[in-house]
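There are 2 protein chains.
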Amino acid sequence: MRIEMTEPAYVAVDWGTSSFRLWLIDRAGEVLAERRSDEGMVAAAKAGFAAVLQSHLAAVEAPDHLPVLVCGMAGARTGWVEAGYVDTPAPLSAVPKQAARVPGEARDIRILPGIAQRDPRTPDVMRGEETQLLGALGLDAAGEALVCMPGTHSKWVRVKDGTVERFSTFMTGELFSVVSRETILSLAVAGAEDTEDVASFQAAVKAAYEAPAFAANFLFGARSRQLLFGGTPAAARETLSGTLIGVELAAGLSGAMPETGIALIASGRLAMLYRLAFDALSVTVKPVDADEAVRRGLSMAAAAIWTK
Amino acid sequence: MRIEMTEPAYVAVDWGTSSFRLWLIDRAGEVLAERRSDEGMVAAAKAGFAAVLQSHLAAVEAPDHLPVLVCGMAGARTGWVEAGYVDTPAPLSAVPKQAARVPGEARDIRILPGIAQRDPRTPDVMRGEETQLLGALGLDAAGEALVCMPGTHSKWVRVKDGTVERFSTFMTGELFSVVSRETILSLAVAGAEDTEDVASFQAAVKAAYEAPAFAANFLFGARSRQLLFGGTPAAARETLSGTLIGVELAAGLSGAMPETGIALIASGRLAMLYRLAFDALSVTVKPVDADEAVRRGLSMAAAAIWTK
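These protein sequences, in sequence, are chains C and S. According to numbering that gives the first Met the number 0, the first sequence is numbered sequentially starting from 0. According to numbering that gives the first Met the number 0, the second sequence is numbered sequentially starting from 0.
Bound-form chain C, shown alone (with noise of 0.2 Å):
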C-alpha cells in the first residue's frame, strides 16, 4: 500500500493587529498544516515581519519556493509592506489584483490590499475583512448581500454583484474592552465569569436597539442598578455587550434589506453573541465561519494571482 503525499501550493497568511494564522494548502484548497500564533502586526513590528514568517514556514516545512499570500493589518502603513486599497465601488476580483509584493525577498511573498471608502462625509477603511468577503461571496457573485462582520471595529458592508458597494465601521468591540475595563464600569463587572447571562443581554440589545441615544445612559445603568437592587457582575457585563451591540444594529439594520437577508461572518463567541442579538429582535441571519471565510477567501485570491 502507498500513501499518496500531497504537494503544498502555497501558504496563506491572515495577519492581523495581534493574531497571526498560516496554513500550508494543496492544489486542491486542503489544508495540509496550520500554525497560529500572537505576532500580529503590533508583536511583528517589533520582531520583524520576515522573520516572524520564515520561523512559522519552517515549522511547516514550506518549500523554499512556495508562494506566500498575506491579508490583513501587515499590508498597513504601520505594517511590512503598505499594500494600499481599492477604493469603492470596490469589485472583490480586483483585491487579488491589487496585492503588492513583498521586495527583496527571493520567495514569491504578496499582501492584500484593503478597501477605502473615500467619501468625505463617510470615509471608511477596511482591511483583511475584504479576503473574507471573498471568502464567503466568491470572486463575482450574483444579487446583492448585507454582511455584518462582527469584530473590535464590526463592518456592515453592502455587496452589489461582487462589488463593495458602501461599509461603515463601528467600533463596537474596542468600545466594549474600554468600558468594562478602563472606566467606572468597571466595578460592576469586576469578577464576571464566563459564565452567561442571555437575558440581561437580549434585553439590552433590545433597549439599545429601540433607543440608541440612551446608549450613554444605559451603560450607567449597569452601575446603578448594582448600587439600588443588586445584581451579578455578569448581568452588569451583559448590559454594556448588549447595548453596545443593540447601538450597532440599529445602525446596521436601518437601511434598505437585500431580498437575499444578512450574512454574519464570524467566529467562537462573538457569532455566538450576535447570533442572539438578531435573535432578540427576530431578525434571521445567514452564519458564515469568519475562520473559513478568511481562508477560502485566500485561496480563491492565491488561485487567481498564481493560476494564469
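Do not rely on the hints blindly, as some may be mistaken.
To be verified - DEER-style ranges, computed between Cβ atoms:
(1) S:S176 <-> C:G103: 56 to 64 Å
(2) C:E181 <-> S:R268: 42 to 50 Å
(3) C:G103 <-> S:G229: 26 to 34 Å
(4) C:E258 <-> S:P90: 51 to 59 Å
These are computed hints drawn from the structure, not numbers from a lab. Only a predicted model underlies this, so the values are computations on that prediction, with no experimental measurement involved. Cβ atoms here follow ideal geometry from the backbone N, Cα and C, with glycine treated the same way.
Could you slot chain S onto chain C? The hints should help.
Relative to the frame of chain C, chain S by itself:
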C-alpha cells in the same frame, strides 16, 4: 476709620471624586475664604477624610465650633460617611433634612445625601448634583424645569415645583476620556493642542444628534478621515467630543420640552462646549454657573439646617 470684620458662620465643602473645594462663608452668604485642591474622594480615602478636611480648615483659620456642610462623593458608600439618598420623586427641601452627621467629631460636620431613582427599568443615582440643583432652582421653585448638567457623568433632570421627578445619567465625559486616550483613536488625536475647531465640533454634534445609532461609526470616522484625507488632531478630537455630546443631546432633548426651556448648569470649558452644541441645534438654554450653583446650594442647605 474702623474696618468691620464679618464673622464666619459655616464652612461649605464640595467634595467630589477627584476634587475638593471649601468655602468659609459668613451669615450673609458672602465668601470670606476659599480653598481648592485635588484631594478628592479617591485621594482622601487614602490620606483620611478628617485629616484632609482639618488641614484646609486650619488654612482658613476656621474656629473650632464652626459647622461644616459637605456635598458630593464624600457621602458615597466608598466615601467618608455614607449619606444615603433621597428617593425620587425627591423634594429638594428633603436634601438638607436627610444630611448625615459625621460621628466621633466634636465639630458639627454633615454630609448631604444624593438622589436615587429606584425604578428597576431606569435605575439611577446622583451625588453632588442635587446641591447644584438646589442652588440653581431654590428650595421651592414653582413650575417645570429641564436641567442639563454636563460632566464626567452628565445628568439630565426634570424638576417640577421643587421636586426632582426623573433624571438620566450619561457617561459622556468618561467615554470621551477613554475613547480619546485608550483606543485606536488616540492616534488620531495625538498632539491636539488647546486650539479649537468649532466647525468640526458642531458638525459632529449635528450628525450624531440626527443619527445617534451611528455614534460608534462617527467615532471611527475621525481616524478614517485622517488616513484618507489628512486633517488635524484638533479636528479629530472635536469630532469625538461633538459625537458623544450630540448623542447625549439627542436623548436629553427627546422628551417633552417645558415652557421654561432648558437650564444648563456648567462651568469653564464644558459650559462653552455645551453652549456651542446647543447652538448647533438652535436650542436656547439658560446658562447657570456650576461653581456658583453648588456654593449657593450649600448655603441654602446650611441655612435650612442651622437656622432654626
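Now for the hints, and whether the structure bears them out:
1. S:S176 <-> C:G103: 56 to 64 Å: violated (43 Å)
2. C:E181 <-> S:R268: 42 to 50 Å: Since the Cβ atoms of C:E181 and S:R268 sit about 22 Å apart, the hinted range of 42 to 50 Å is violated.
3. C:G103 <-> S:G229: 26 to 34 Å: holds (30 Å)
4. C:E258 <-> S:P90: 51 to 59 Å: holds (58 Å)
Hint check: violations occur at hints 1 and 2; the rest are consistent with the structure.
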